[in-house]
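Single-letter residue listing:
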Amino acid sequence: MGKSSKDKRDAYYRLAKEQGWRARSAFKLLQLDEEFNLFEGVTRVVDLCAAPGSWSQVLSRILIKGERIGRATWEDKRYAELLKIQPQDSAHEQPPRPEPRKDVKIVAIDLQPMSPLEGITCLKADITHPSTIPLLLRALDPSYSAETSSIEASHPVDLVISDGAPDVTGLHDLDIYVQSQLLWAALNLALCVLKLGGRFVAKIFRGKDVDILYAQLKCVFARVEVAKPRSSRASSVEAFIVCTDFRPPEGFKASLDNPLQQIKPTTSSADSEQTRTVRDDGITELHLPQTDPNRWIAPFLACGDLSAFDADASHKLPEGHVSLDPVQPPTAPPYRRALEERKKMGGAYGKTKLGGGGG
Amino acid sequence: MQHEHHRVPVTALAFWNENVILAGEGTLLKAYDVDRKTLLAAVEVFDGQAIHGIVVAEHEETCAVVWGGPNVCYVEAIPSAKGSIELKVGPRLEANDWILDVGCSGASHHGGSLAMLVTAHNGLQMLPSSTLDGGKIEPLVPGSNCILYCAEIRWLSGSQCLIASGTAFGDVIVWSCILKDVDGKLCAEYQTHYTFSAHEGSIFGVQISSSEVAERLGGRQRLLATCSDDRTIRLWDVSDLSKGSPTLIEQQRQTGFGSIADNDAYAPPSLGKVMGHMSRIWHIRFEHDTTTGDVFVLSFGEDASNIIWAITANSGKTGLPYSLQQVGLQRPHNGKNIWSLALKNHRVATGGADGAVSLQRFLTLQTDQDESYSEGSAAKNIGVFRAYGFVDNAQILASTDRGSLYLVDLPGKDVVYTTISDAIPGLRGYSVMASISGCAFVAGADGEVWVYKHHSRTLTPIATTGRKVAGLFVQQVSANPLEIVLLITNMGKSTASLYYIEPDRSHDASRSDVQELCIPNGFVTTSFAHARREGHNLVFLGSRNGSIANFDTTLKDEDDRTPHMSQYPGAHGVETVTEILIAPGSSDNEMYLTSSGRDGTYAVHEVTFVDQRPNMRTVHQISLPFGPNIEGMGFNEQDHLWLWGFRSTQFVVLDIATQQEVMAVECGGAHRIWSFQPNRDGGIFVWTKASKLYRQIQLQLPCEMINPGGHGREIKCTAISPDGSRLIATGAEDTDIKLSTYQNGTFRTLHTLQKHNTGIQHLQWSSNGSYLFSSGGFEELFVWKITKDIPSINIGVICESKHPRSGTSDLRIMSFDVQDSDEATFNIIAVYSDSTLRSWHKPQTQTWILLAKGDYLTSCLTQCLHLNTTSTHLQDSPRLLTASTDGHIASWNHSDELQRLSWSSRHKIHQNAILALTSCNLPTQSRLLITGGDDNAIGITLHRPDGNSFRTLLLPNAHAAAVTALAIVKADRGRVWLVSASIDQRVKLWRVGIDLGKEGVDGVDVRLVGDWLTSVADVSCMEVLELEEGKGVLVCGVGMDVWRVGEDGLV
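Here the protein sequences line up with chains Z and B, keeping their order.
Quick note: the first sequence, position 189, residue 189 per the UniProt record's numbering, numbers continuous.
Quick note: the second sequence, position 596, residue 596 per the UniProt record's numbering, numbers continuous.
So here's chain B without its partners, still in its complex pose (with noise of 0.2 Å):
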């Protein structure tokens, strides 16, 4: 097999120069260009090792020290062709113990650089030149007992580097080493100058400060950060190495938590703490803004999330001298844990444990929080703001308490009111707008409705309706010559004006046209969209109780009024259907709905016409990470769609089609006056708070993705879809379902499935893909409806059915088997943690029916089968097959009049759990069952339906840990290829021979084929993927990872 690709968390990042930044993912060392976001190269550094730093010279941009393990070498990167480099990975050394960091210096006496390594034991070693070849490491200084998990070199010339190093028990160790030429031998003389406690916690990060860093905080020569287990963050002052201290194994004392009393008397002085996130902190770096002075403090966390720290001297005379104010705070990792970094000229690259690489902009990220400015003091009369309305890219309408209009200019320095219009009485105290590019519309208590036109700046009436307005809504019908279509709603009246304007022409002529739509009952309007068809206008009308009615304009009853057609009840449940966008289908007789509602989802619904007549069947809807306050949608100018709303405090844009965050902004929450212009990389969001204006322009996306993620947590389950589409499921442990695409050598995800509660057990395809089911604990068993080809989503999700739930129970469906009937009429067998399992029957309407029900004994099922008794002699051959944690399969019979499932035997393989199983038929009814087990072992089973036997030729040591996935990726005539994987990182092809004609297991032969390392931790499943050419194998677990099978590996 042939490694094609791999999805793994992001174990190491250095910024080779400006453009290029390095990556180790796994065993493999990618060169990702920055601003194009490309791969540039990708080389496998060790032999089944991954990589966990990289350290770029700081003077020469062109050799890289790699390590990972005791391993390291170094890595050259030449420039090539076309902007391509090519990466040249130097001879591996191997150090006695793990390496924490390198240091490289600068240039020293002897000519070249030194680079030096830190040990777990706190150990010191020197790599060879890396000019020569078969050097080899150096030992200076012997490592001890005590056990790092970080460290950090930093030289402080050519011949001394300071050490900071971190304990697993809350203890940091300062100490430096010089080095000395004896007799032509390089000699290391080192002493320790600080031992202290300095946190209550394992200490996972240290960084040394540069001395210009520490020069801005009361001219000190070096600070220290340190960050922690126990969540907190602290600063000391290590300027003064003239002092000395014992080591911690001369100390005598007792390591570990609880023995903090006795070694204050060589900690360095405390300069500052904070409490950092709510998780553990893996790293910490300084970082200053050359043009302000300021010193801030990066830490990265658990959490998967970045904080921004600046460093502010207290005035107090009590206390610690410097506090650190949170001042930013990004998180562009899914699930958790940021596990590398790198900075370089206010850039941050973060890796996260979901495989992606996301820049930052330093300076973006803490400016970003003064975004916002209240209404100048010059405008300070203006009163409070009740309504805006965008009327350009940078302009708003605002309407004010007092009743008065004013042309709000934002994105300058200051923000510039224009007054447009002084006070109108009908709009004071209450005004509702509604605006497109080029003009706004404004109304008040008194009915009136006035149209403000932008190329003229002018606001004149356009309506008189008598009621108070209770809502706006405006939308461009045609460009040329402009037309635009207004609804108004009014309180306590049954109907809806609408009114096509030409803005462009003289007002008399829009005047007329005027239209009465009939409200249905217990219907109120908050969102509207209009489309014309074959000379009909058709408007779609949301609600607050959720449904969506639908109006056709040329149908009028005898008052001259359109009733609505139709109404399609619970499109967003009963919560408010905040917007409706239009799209055209492939055909004339179909559109496509988008809306979004409170319901925390968004819908595409797809319309068809009958006689003129819309049916509306829903294809698509799905939760998103935020809510459940969805307030709207649009497209960027890529023609992506973004949807935002509210996630508690904040005001959240998401990207569907990259199905990253754009924006968020702190604003307070979802009740408050908003609006949102989104433009390429951002938007424009302003709100009221506090009766101020607020403002935040975003030009630049915070995080750019320079390789997109995956899963934040493992992943337990995969399914590819059977119809060609090779659509991948993936389910994981966060709860998360993602629908993805492996195409020219990349994972694309297209929807992620938020709607389990406990990680997502077992995942299976209809067999023509048109259905996914999935299952996880509280008796969840969800079908998905899976609809093709429609516009900007691609690919639409439903929730079409859920397991009927007791309601108390929180069992876990561990697995299940689904059968098709036909095309939505399903069998299932599920089987349950408690050791039962139960056969439904889901026909395509929404109840299931329970066909039977069987206990095993007391161990847990993990696995489930149908078993495809097509020949109608075998009348009491078994109906299905389940694995358990004993190691036993069992077969089972269905009594139908009893309703009643019954194991008729139990067969023995493994000692203990059976984590996969997989199976084959084989001609005379045969059937292979191959099973993966926790005891190492792989099971080869024979199943013959005569006298229902199980033969197994069991594999002991087919692994050195548990067996979690199988997958078989080609059988034809008596022979079987399998593919397995174990927690053990290994990936083995296996051939199976199998004569039926000899008896018991005599006729089955078993050869390796071959055995690869994956750069997947916790592998959890498998699947056969079709790839553009040939087959392959897709290992999911924490990342994953696709292994082609060649042919010559498959005679």
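This is chain Z alone, in the form it adopts within the complex (with noise of 0.2 Å):
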């Protein structure tokens, strides 16, 4: 697909270009956070798997430039809106002003290198590597020292963020079981860094068994929602796991040599009586029983406006457009070296006799 033409199928990727996001996958945070007021009161952050880093951007322009973006605009819209119909209640009622936070904290980790951010530690670590903790900790507090302090953060982190996914294979067992591995990689860190009461979101495949570790992440977190942002396609798998009020069981300790691949629930939130409520818009909600204690559905939120761009949506392109670079070419995949040899061999379409290419 050219440029344009995946400018036309993708608003998000044209936006992205425009508004100079190193990835369309700032948008989804940003949805994210109108739907989660996500960084409410946090100014220590853990950004995992950021690399191109499109979410530390988004971090770097809400935390530390003090932009009002994602929520913040969305709650501007909502006092245009409300100025319009009770015009007499806006003398008191002053539209909160962009103001940069204080003693922000922000370490973005990768096994990629990513290209520096302004005021982002990034470190380029394995997530899944003990070795890792003690560096993030010195990286957010850098009087840190692993021999006086224990590895549970003497300064906690308020939120930890995973946008990782794996390439996928096309075996969706497998694709799955990856993606849960890198889910609970990512947990496992933040079990350690994460202050009593913390969030933590990272990107979750809905597919099979995708109940049991709702399960399990519900041990840990008081609240668990998966949520889909506007900007991520409803033909995509998919989604993001939004985990708040961090409460780990009485007499728990995380630590990366002995990580957790999974958390055995212990209470049953069975219920089994159907229950009906009627919501304010006038639809009937069923809730059905949830009998296996071992599965539980999380409560399921889109978010991002309605007005927003549909990513499903094809759009017409605005008069006089020029189709931009990316904001950052795509990272080398790893037959990059492979393209090249054929190359040199006769072109992309060369005459080798390589592959299955004619058979």
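To be clear, the hints were calculated from the coordinates, so they are not data collected in a lab.
Careful, some of the hints might be misleading.
Unchecked claim - Here are the simulated distance ranges between beta carbons: (1) B:Thr38 - Z:Asn258: 45 to 53 Å; (2) Z:Pro329 - B:Lys755: 49 to 57 Å; (3) Z:Arg276 - B:Gly974: 16 to 24 Å; (4) Z:Pro293 - B:Ser809: 48 to 56 Å.
Claimed, not checked - List of simulated lysine-lysine pairs, DSSO-like, C-alpha gap at most 30 Å: (5) Z:Lys253 - B:Lys136; (6) B:Lys908 - Z:Lys316; (7) B:Lys336 - B:Lys755; (8) Z:Lys6 - B:Lys336; (9) Z:Lys77 - B:Lys908; (10) Z:Lys343 - B:Lys970; (11) Z:Lys6 - B:Lys853; (12) Z:Lys316 - B:Lys802; (13) B:Lys970 - B:Lys998; (14) B:Lys317 - Z:Lys264; (15) Z:Lys65 - Z:Lys77; (16) Z:Lys6 - B:Lys755; (17) Z:Lys344 - B:Lys273.
What the hints assert, rightly or not - A few chain Z positions that, by computed beta-carbon distances, are all more than 10 Å from chain B: (18) Gly20; (19) Arg71; (20) Pro116; (21) Pro142; (22) Pro156; (23) Leu171; (24) Leu174; (25) Gly207.
The structure presented is a predicted model; accordingly, all values stated were derived computationally and were not measured.
Glycine residues also receive a C-beta, built at the ideal position from the N, C-alpha and C atoms.
These two chains come separately, so use the hints to put the complex back together.
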């Protein structure tokens, strides 16, 4: 697909380039923020699997520069609407002003190298490796010393986010397993550095047995919801798990030397009765009993304004639209060298006998 | 509901013995008879878990270990009566992590064999003995934090095993484990030998060679082959196990790409490297030819192909010691991905994402490449061949540039040339040939036509035409007495001469019977067919301009010539009609003409006679998976229609009945002199390349299908013909539409329609089943006319019409709804990805008429539905409904004057995209709408016409993931049985009670009747399927799954 047709097909691809984001996934975090107010009271954040760095960019612009994007734009828009309806009340309800936050600490970790971002500490490290924790704690607090402090951070963080995903193979079971392993890796690290009441946001594949994963996350967080930003395509299995109010069980001690690969749900929230509730919008919800204590379906929330661009729709390009180059070229794929070799041997579609091309 | 049958990716394969192969297809373990290609047994092994691997212990053929995810168990195969077997599943065990490989030892000092498993975190665990019940898995070596994509266990002795592990980050770890008995307890001592960065991408396949294979390469002890995301295959020498290496963790290095430099210290010697497939490579295997001693590597890729590489020593002092040469390539599967394979006795079985299990003979594969022979040195002065014609199954008559004729005997080790005639001046520099079994005709520039009779090996002149002969065409008219018809066309002559010849009689009698056919203007004859009907001789000629003309030789003009009766233009567009075959119809009044053309299609035309005049109507015309040069066709011994032609540089033969490629010959392309003689499982192909004669003889299919497959990518939509033929149309991401039947518990593909340029979005049948509609991207919406009961192809399909295109738009037609006004006139509502919809009238003529257009908001519309407003008293009731990615359904009105559709009300049901919509009528003009959302919810909405009111009962957690498919299986007396499916791979049966007497949705009662796992991932659609007995649902996604809905569920 050419750049221009991709612009039409994917509004967020175009917007990302226009607004200077390194990847369209920036909008996913912004839209998650609109719904969950993720950054309220947040100053210390760890961004896992951060490269190419669009989520760190969001953190930088909201927390360091104090820009009013994400939740804040939504509030501003709402405020403007309120003004229209009730102009008389506006006198004592000033919209909040943009304000950089104090003592912001953001650490971004990835295996891939990432272009630096102002005010953000980038670590090239493996999030599953025990040695990463002291590295991370030192990055958060330069005074930290592994000898004197416990592994549980002396100054824990407010929010851990992870947009990591493997290259999918197409074998669904395997892809779901590898993604869940990545989620466990992120969670294990989060368990080591998150403060009580802290938040955790990570990419999840909504596929087979995802309800088992939800039930396990529910053991360490008071609230677990699954969210789908509008900028994520309906046809994609991708969604985000938003866990708030970190509450590990009594006596829980996290470490990467002995990472968790599962948590056994202890209490069963099984209910056996159907319940009906009538919502404000007139829709009657029928809640079905969830009988298996090992499975739990997290509440689903679509996020992003309904008037926001639809990731599935085709869009007309504005008059005189000029297709921009991506802010950052995509990371070199592992088969880059293979492509180069092929080119040498006779062009991208070269006359080589390699592979099943003609077959 | 009961599970009936599924066709899903084959994710595990193992030979049980010579005759039986085990396959993991979703949750089912199946056993197939390799030779008969029949299913022997099927059993569900794990509850809710697909099978990912099967291993059969080499020395004992009674027990296999089967695993999937973290689950593992022993399976016994017990032979039962009539050559069938019974699969007996032992106790299910669970490891604490995902299992990547299981290795069974030979007999150990304990007596029985040991089975060890390696996990995705490189942990090693011991399975309990197969003979004991109640045993459990014993962890021996704990896992680490690295994540593996592949691993292999090879037992070196009864107490030692070697493990090769490939990580997601391109590292390989080679380590071993020695089992020791300490005070009656089994303990493991393990050591890492090599830890190294082997590839630039994730490692998907590793194999440790046997010592026999390694011995062949410079007397080594063992080799390691690896394959990766980086498209390369690499060979390593891991003979030396005395070396020790720190583990990945001990090295304290950063894993991940780009940190290569620091760990070459623990790498084994690199032996060879080759760029493999144009895709990721999933598996790698060693194989060696025990007779020649040659060593090979087989690789299996995402590109659904497998390549055979010969390992040869490099002579040079620089570079790696071995190189890998591609010596064979097979593409046994549709679409993408070979997920599984098994090797035994030089037979290779592969399992694909398309659900097929294919079987190839390894040795045939690699010798096939050397099947072509140039002319032998003894025949050096034969010259350049001009034309070939088969005179029997193994011999051709060949003419040369010098005008000589040779009989060429093909099958032997060396091609044998027998001179039939020394140089004939008229054939010098130019000759054409036509042949049938027993005789051949040859002519040249001087217009003299010769006949060669094979039984007497004689060549005699038969006709003098006086002009350069452009073409010769021959066909047998009757067998006893043998009568053949020969058509001769000449350069610059407006007539063609038709000769009836009885070769067994004397020449004189046959010569007299010549008919002159007047060739229409602009017509260059390229193909010919003859039929006799009610005493009339009928001739059909195909032209270079794509048209077909017909003649009745009883009709003559004043000059005693036969003018053409009618011409059927555009049978193959404006491209050459390469072959015509005639088959009788069911009555005397009809016949069927099959034609192939260089427009990449083959076609079937129905010919009906009115007053002896033929009327032609195309009832079938589709593109083939090769071409555009479709060059010919014929029937094999089983009466399957075969078509052949060229795909790039290959000559390809396709069996239409089995939808399988029969033969592929690397010959350099279409522009050469060639001839093909089909036989049962292949045929003989001869061609000229660089002035030499080449041959390829195929007596065996290169790949046999133990179980045929379906789409190579995920299915996006399905529709089942309502006319009782139960024809299933499926449209997939691979842009193909397949027409299949489900009979006797299996799917059979009849046709693959390749016309769309993008993945298929929606399919629908007309209410009588004679039209199929399909939509996709780039504003594609095609109308396919379906004709039944056509000889040899069963169902005929033509693309009769298509949605008008603006030419610039890449809009996807997300969905549409068709209403028939009469048999061939339709009203179509289509919804587009730019939030618009259009109402079309499609009359039987070609033109589509735009009735009205409407704009929704900004979100993508996903579904639409005509509302049947049969009653007239509700003038302003809505005409149609749409659903969209904003979770709303909207009702639309149509004002005819303004040609404008506008939505009159929107009703929110879901939080985001509505992915499925189904409905049924209720009493008093009410309607039940059921929607499935990306938000895991099912919405049950009552639409009452009075006041156009929508009231919804929402089941927020109906599934654990997006609800993508819905079907109503039964509706009666206020109760509806609904089946829903989701990408959480659950299929649920619901009973919905509806009491319209109650307010709002108070009268709607929902009960979950049952909940089952489907092996189909990425479920996208579902349809009610009438089974031979009773009713079922067909669930489609990555595969197809049939469930029977028993009467007991519907109470």
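Now for the hints, and whether the structure bears them out:
1. Distance hint check: the CB atoms of Thr38 of chain B and Asn258 of chain Z are about 51 Å apart, consistent with the given range 45 to 53 Å.
2. At roughly 36 Å, the beta carbons of Pro329 of chain Z and Lys755 of chain B sit outside the given window of 49 to 57 Å.
3. The given range of 16 to 24 Å is respected by Arg276 of chain Z and Gly974 of chain B, whose C-beta atoms sit roughly 19 Å from each other.
4. Separation of Pro293 of chain Z from Ser809 of chain B is about 52 Å and conforms to the stated range, judged on CB atoms against 48 to 56 Å.
5. With a CA separation close to 29 Å, the supplied pair Lys253 of chain Z and Lys136 of chain B stays within the 30 Å bound.
6. A C-alpha spacing of about 25 Å is found between Lys908 of chain B and Lys316 of chain Z, which places the hinted pair at or below 30 Å, so the restraint holds.
7. With a C-alpha separation of about 19 Å, the suggested pairing of Lys336 of chain B with Lys755 of chain B holds against the 30 Å cut-off.
8. The hinted pair formed by Lys6 of chain Z and Lys336 of chain B meets the criterion: a straight-line CA distance of about 24 Å does not exceed 30 Å.
9. Of the pairs offered as hints, the one joining Lys77 of chain Z and Lys908 of chain B holds, with about 22 Å between alpha carbons and a cut-off of 30 Å not exceeded.
10. With a CA separation close to 59 Å, the supplied pair Lys343 of chain Z and Lys970 of chain B exceeds the 30 Å bound.
11. For a cut-off of 30 Å, the pair hint linking Lys6 of chain Z to Lys853 of chain B stands: about 26 Å separates their Cα positions.
12. Pair hint Lys316 of chain Z plus Lys802 of chain B holds up; C-alpha atoms about 24 Å apart against a cutoff of 30 Å.
13. With a CA separation close to 22 Å, the supplied pair Lys970 of chain B and Lys998 of chain B stays within the 30 Å bound.
14. Taken as a hint, the Lys317 of chain B and Lys264 of chain Z pair is broken in the structure, with Cα atoms around 60 Å apart against an allowance of 30 Å.
15. In summary, the hint linking Lys65 of chain Z to Lys77 of chain Z is supported, as the alpha carbons are separated by about 20 Å, within the 30 Å threshold.
16. With a CA separation close to 23 Å, the supplied pair Lys6 of chain Z and Lys755 of chain B stays within the 30 Å bound.
17. Restraint check for Lys344 of chain Z and Lys273 of chain B: the C-alpha separation of about 17 Å stays at or below 30 Å, so the hint holds.
18. The beta carbon of Gly20 of chain Z sits about 23 Å from the closest Cβ of chain B, which is more than 10 Å, so the claim that it is off the interface holds.
19. Even its closest Cβ contact with chain B, about 18 Å, leaves Arg71 of chain Z beyond 10 Å, as expected for a residue assigned away from the interface.
20. Non-interface status of Pro116 of chain Z relative to chain B is upheld: no Cβ of that chain comes within 10 Å, the nearest being about 16 Å off.
21. At roughly 21 Å, the least C-beta separation between Pro142 of chain Z and chain B is larger than 10 Å, which holds for a residue marked as non-interface.
22. Remark: the non-interface label on Pro156 of chain Z is consistent with the geometry, its nearest Cβ contact in chain B lying 22 Å away (cut-off 10 Å).
23. Consistency note on Leu171 of chain Z: stated as away from chain B, yet its beta-carbon is not over 10 Å from all of that chain's, at 6 Å minimum.
24. Non-interface status of Leu174 of chain Z relative to chain B is broken: a Cβ of that chain comes within 10 Å, the nearest being about 8 Å off.
25. A beta-carbon of chain B is positioned within 10 Å of the beta-carbon of Gly207 of chain Z; the least distance is around 6 Å.
The structure fails to meet hints 2, 10, 14, 23, 24 and 25 from the earlier list, while all remaining hints are met.
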